[in-house]
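A.B. asks: Spelled out from the first residue to the last, the chains are:
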Amino acid sequence: MLTVTNVNKKFGNESILEDIQLEFSNGVYGLLAPNGAGKTTLIKMLTTLLYPTKGEILYEGQNIFSMGENYRDLIGYLPQQFGYYKNYNPYQYLQYLAALKGISKQAANEKIPKLLKLVALEDAIKKKMRKFSGGMIQRVGIAQAMLNDPKILILDEPTAGLDPKERVRFRNLLSELARDRIVILSTHIVSDVESIANQIIMIKDKQVLFKDSIQIICQKLQGKVFETEMNFDRVQEFRRHYLSLSERQENGRMMIRFIAEEGSSSNWKQVNPTLEDVFLFEYQDHSLEQLK
Amino acid sequence: MDKNNQSLFPDERLVESEINTIVVKGMVKRDSLAKMLISMYKQIGIRFIMRDYKEIIAAVAVMALFMYVMTKNGQTTQYKQTHYYGMIMLVSPILYMFLSIFPFIQNKLNETYEVEMTCKYNLYQIAAFRMFSFSIFCFLLNTIWIILLAMKFSSFQFVQAFLISTTSLLLFSLVLIYILSIVKTLIAKVGIQLSWIGINLMLVIIDSTVYYKLLVSVPWYLYGMIICLASYLYVKKIKEFMLQNKLRGVNGYVNGY
Ligand SMILES: Nc1ncnc2c1ncn2[C@@H]1O[C@H](COP(=O)(O)OP(=O)(O)O)[C@@H](O)[C@H]1O
Ligand SMILES: [Mg+2]
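Chains as they are written, first to last, in the working numbering: chain A, 551 to 842; chain B, 31 to 287.
Next up, chain A with everything else stripped away, as it sits in the complex:
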């Protein structure tokens, strides 16, 4: 179990995260927040790259910073910016990282082809990484993070650069992996975590806003999300009164999904809120004023 207690992080005088309390046990955790909310900052503290200004991070009751290499031995990490040596091929790069992770050469040579197959790179094993596309490099990064069969797998925006097909593959892979480990992945894209995360963690105003299952988070907007249809000329006026979540054209009219405190018109259809709705609602500036 990984526990974050009372963690604050400041850069100089600028406070980025305040009073963060989190607990992780096996399963997939989606760290969902817009850019600049502090996801990477939190992740870098979980990976010992950054030291909290205040508070503690414990693994099984021990401070992760004093555990040193014993803790690093347990984690797999894909940074937001995954770098590589350009003249290595993925096989060599994984061999190198396996060595750093303290994996024997023999075990590494057994494991690496399997991992590269898992991320569908078996055809590019001997290709120099400088010739790789962004998606291919990202997949090397994912393979790398799993080399040491980590107890804690931490992925910072792992789906960046993956095409839709690769994203689906990746999601399936993660749910498979999460059965006997902690998987933490950060993203600002709701659909990345919607189908696989057991828990969603949202950060807002430097603090943890939610840490709950998707179902429970969605209940916060229960009875407040509606859909309606109207002519285009009315849309602008409508937006001024209600927070529009999504809009699409249908048969020359506009379908709008929006938030209102209560249904006030007979052609509004109440719908079940989704995680996307909550995300848009929470991170919309002045959303409360728009509600009134």
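Treat the hints with caution; some may be incorrect.
Claimed, not checked - Straight-line alpha carbon distances no greater than 35 angstroms define the calculated DSBU-like cross-link-like pairs of lysine-lysine that follow:
hint	chain 1	residue 1	chain 2	residue 2
1	B	K138	A	K667
2	B	K182	B	K65
3	A	K655	B	K65
4	B	K72	A	K701
5	A	K754	A	K715
6	B	K182	B	K214
7	B	K65	A	K754
8	A	K560	B	K269
Derived by calculation from the structure, the hints in this document are not laboratory data.
Dock chain B with the ligands against chain A, hints included.
C.D. replies: Using the frame of chain A, we list chain B with the ligands on its own:
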């Protein structure tokens, strides 16, 4: 009666062994430096510790060539020995500096820092291993150079030069390892080192006779003491680097540098 007692109070020996396992599990192991170096060598292998072996060979070759030329041309250009002691002070740690800092430059350029820093053996541990081996290697190389110089020039004091060279290398190594453990940005790391070279170079250029006198006036036992103290601190610091438990987070930034 007996049975009840047993279930209430578990066997003492069992308790003791349980306590022992708990204590052992909770302890961060602290081996000797030699043990740590050997186990790193075995687990990582020289191929990946010296990942940049091509650059290492090139750098050593350049330095050896420089030393050779300096020795060979000494006579023809009428170098005075006053230049030489300052030069030795200046040159001794340069190769060491380059070899030690090179992985930090490389992984900065390739942005591999974060992955390498979160592996079991992180970059600092590798750097410590390399620094330790390079300090021995550079010590030997410098000593050979000084022997050559001493063979060539009769006025050249081997012992004096040896003390200067070794002190210079050791002091620099010590400064470098402290810098690496305190300063987190690469620019500051490189900057501080370049200023070491700059100061020495200035001293050599501005007034090599005064610098020479200063270097020579330091008695041998003082050099000896500095060497002993610096070696002790150096080994201690290398070990600390290996354990990596004192470092409070390895970068000072989140995005960018
Ligand atoms: N080294 C730094 N100094 C000052 N502020 C920083 C530094 N690094 C990041 N920040 C700020 O911290 C905030 C959170 O950044 P980050 O954790 O990267 O967010 P996210 O990953 O959610 O996009 C941002 O506002 C960013 O500007
Ligand atoms: Mg980020």
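A.B. asks: Next step is simple, just say for each hint if it's right about the structure.
C.D. replies: Hints, one by one, checked against the model:
1. Between the alpha carbons of B/K138 and A/K667 the distance comes to roughly 29 angstroms, so the proposed pair stays at or under 35 angstroms and holds.
2. Restraint check for B/K182 and B/K65: not satisfied, since their Cα atoms lie roughly 41 angstroms apart, outside the 35 angstroms limit.
3. In summary, the hint linking A/K655 to B/K65 is supported, as the alpha carbons are separated by about 20 angstroms, within the 35 angstroms threshold.
4. Pair hint B/K72 plus A/K701 holds up; C-alpha atoms about 24 angstroms apart against a cutoff of 35 angstroms.
5. Proposed proximity of A/K754 and A/K715 is supported: the alpha carbons are some 31 angstroms apart, at most 35 angstroms.
6. The straight-line distance between the Cα atoms of B/K182 and B/K214 is roughly 44 angstroms, outside the 35 angstroms bound, and the hint therefore fails.
7. Among the hinted pairs, B/K65 with A/K754 is inconsistent with the structure: their alpha-carbon atoms are about 48 angstroms apart, more than 35 angstroms.
8. Taking the CA atoms of A/K560 and B/K269, the gap is near 31 angstroms; set against the 35 angstroms cutoff, the hint holds.
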